[in-house]
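**Q** Line by line, the protein sequences give chains A and B.
Start counting the first sequence at 1; every next residue gets the next number (our numbering).
Start counting the second sequence at 1; every next residue gets the next number (our numbering).
Bear in mind the hints are in silico, worked out from the structure with no lab data behind them.
Computed from a predicted model, the values in this text were never measured in an experiment.
Every residue gets a Cβ at the ideal spot worked out from N, C-alpha and C, and that includes glycine.
In silico lysine to any residue, SDA-like type, Cα no more than 20 Å apart, as pairs:
no. : chain 1 : residue 1 : chain 2 : residue 2
1   : B       : 77        : A       : 28
2   : B       : 97        : B       : 78
3   : B       : 77        : A       : 70
4   : B       : 77        : A       : 72
5   : A       : 172       : A       : 138
6   : B       : 77        : A       : 29
7   : A       : 166       : A       : 178
Simulated restraints on C-beta separations:
no. : chain 1 : residue 1 : chain 2 : residue 2 : range
8   : B       : 132       : A       : 20        : 31 to 41 Å
9   : A       : 185       : B       : 52        : 45 to 55 Å
10  : A       : 187       : B       : 124       : 35 to 45 Å
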Amino acid sequence: MTDSVVQLAAGEAPDAEIAVLVARAKQDPSEFALLYDRYIQPVYRYLYSRVANAQDAQDLAAQTFLSTLEALPRYRHKGYFSAWLFAIARSKAMDFFRQHKRETGLDVVEESTDDPDMLSQVIRSQDMQHLASLVQNLEESERELIRLRYVAGLSFAEMAALLGKKEGAVKKALYRLLARLESQMAIQNGERSEMEAQND
Amino acid sequence: MKQQIKQIWVGVAEGTPIGSVWLAVSEMGLVAVQIGGEAGELSRGLAARFEVDVTPHKFQTEAIVSQIQAYLQGARKFFDVVIHWGMMSSFQQKSLKAVYQIPYGETRTYGQIAAQIGMPHAARAVGRANATNLIPLVIPCHRLVGADGSLRGYGGGEGVETFERKHV
Numbered sequence: 001m002t003d004s005v006v007q008l009a010a011g012e013a014p015d016a017e018i019a020v021l022v023a024r025a026k027q028d029p030s031e032f033a034l035l036y037d038r039y040i041q042p043v044y045r046y047l048y049s050r051v052a053n054a055q056d057a058q059d060l061a062a063q064t065f066l067s068t069l070e071a072l073p074r075y076r077h078k079g080y081f082s083a084w085l086f087a088i089a090r091s092k093a094m095d096f097f098r099q100h101k102r103e104t105g106l107d108v109v110e111e112s113t114d115d116p117d118m119l120s121q122v123i124r125s126q127d128m129q130h131l132a133s134l135v136q137n138l139e140e141s142e143r144e145l146i147r148l149r150y151v152a153g154l155s156f157a158e159m160a161a162l163l164g165k166k167e168g169a170v171k172k173a174l175y176r177l178l179a180r181l182e183s184q185m186a187i188q189n190g191e192r193s194e195m196e197a198q199n200d
Numbered sequence: 001m002k003q004q005i006k007q008i009w010v011g012v013a014e015g016t017p018i019g020s021v022w023l024a025v026s027e028m029g030l031v032a033v034q035i036g037g038e039a040g041e042l043s044r045g046l047a048a049r050f051e052v053d054v055t056p057h058k059f060q061t062e063a064i065v066s067q068i069q070a071y072l073q074g075a076r077k078f079f080d081v082v083i084h085w086g087m088m089s090s091f092q093q094k095s096l097k098a099v100y101q102i103p104y105g106e107t108r109t110y111g112q113i114a115a116q117i118g119m120p121h122a123a124r125a126v127g128r129a130n131a132t133n134l135i136p137l138v139i140p141c142h143r144l145v146g147a148d149g150s151l152r153g154y155g156g157g158e159g160v161e162t163f164e165r166k167h168v
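When you get a sec, could you build the whole thing from the sequences and use the hints?
**A** Take a look at the structure:
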């Protein structure tokens with residue numbers, strides 16, 4: 001897993017552009033549609049990764065945007081709007097778990113692929129299963145780093161604002177975590193190759 | 001005892017700032033609201049749940065559609081609609097009637113609602129009643145927060161950090 005391939009869905013827009021959208025929405029709530037359109041997918045993906053159910057993720061995303069819309073007049077744009085939005089989404093997810101008492105590892109919305117190479121699909125699927133089991137065993141705070149970065153697509157600066165930490169510290173924590181996962185994957189792949197060689 | 005529903009009509013508020021909002025009414029009032037999702041999803045769910053005919057009907061739903069549109073465009077802060085409370089259990093009615101009264105832009109904790117309905121130890125049950133609310137948006141379940149009052153910390157900028165420190 002390399003960081004360069006990340007699609008920065010939420011964090012790609014310059015903050016000044018988002019500030020303009022926020023100011024417009026504060027002035028006229030019907031303009032909130034622009035913020036909704038920009039963030040609905042990352043918010044939905046993030047919530048889905050936590051609740052692993054499309055209907056629940058949709059309901060929580062709706063609640064997130066309703067709360068955001070109603071609280072917008074009190075919002076002061078000093079940091080990152082996305083950090084504020086995802087703080088609300090996180091609180092909705094936490095409330096959900098208080099009611100349902102369960103939490104999933106890191107379920108990701110499946111996307112269809114046109115890759116005709118079945119073998120590479122199978123290998124990738126096995127790798128994904130290994131990766132999922134490794135992620136499942138992480139601490140919740142570590143899983144949250146992965147969700148915010150790779151599922152929600154937040155930038156390090158946005159993550160830092162959301163988590164109340166320094167950007168460098170967030171970056172360092174995530175890269176250490178990725179290095180650990182990578183080495184665990186390599187060990188698992190090595191063991192798998194050895195077993196396959198013995199079976200041949 | 002829950003009242004039997006005989007007929008449900010559905011309508012849609014399109015082009016709101018949070019996408020399409022679907023709604024359903026019975027002869028006794030508003031039954032359900034669904035934010036987002038696909039056409040027909042709400043109808044199928046209600047037909048299966050209540051075992052009745054569910055049909056689109058512009059005239060039966062237009063008053064609520066226009067209130068939802070006005071609300072989401074910032075032109076109104078509360079709803080003036082008849083809700084079909086009779087489809088709910090007595091406890092859910094009590095809880096959600098209290099939630100329905102939470103003013104725009106404010107929040108309440110589950111414990112506060114439990115106390116308000118005279119059952120101060122029923123915060124969890126209020127949470128469950130809220131989680132099964134079929135009429136989100138109009139009955140503002142998004143204004144209920146955990147015991148720590150999480151949403152109150154939201155102010156943006158340094159507010160996010162304060163929120164995290166206190167509540168995450």
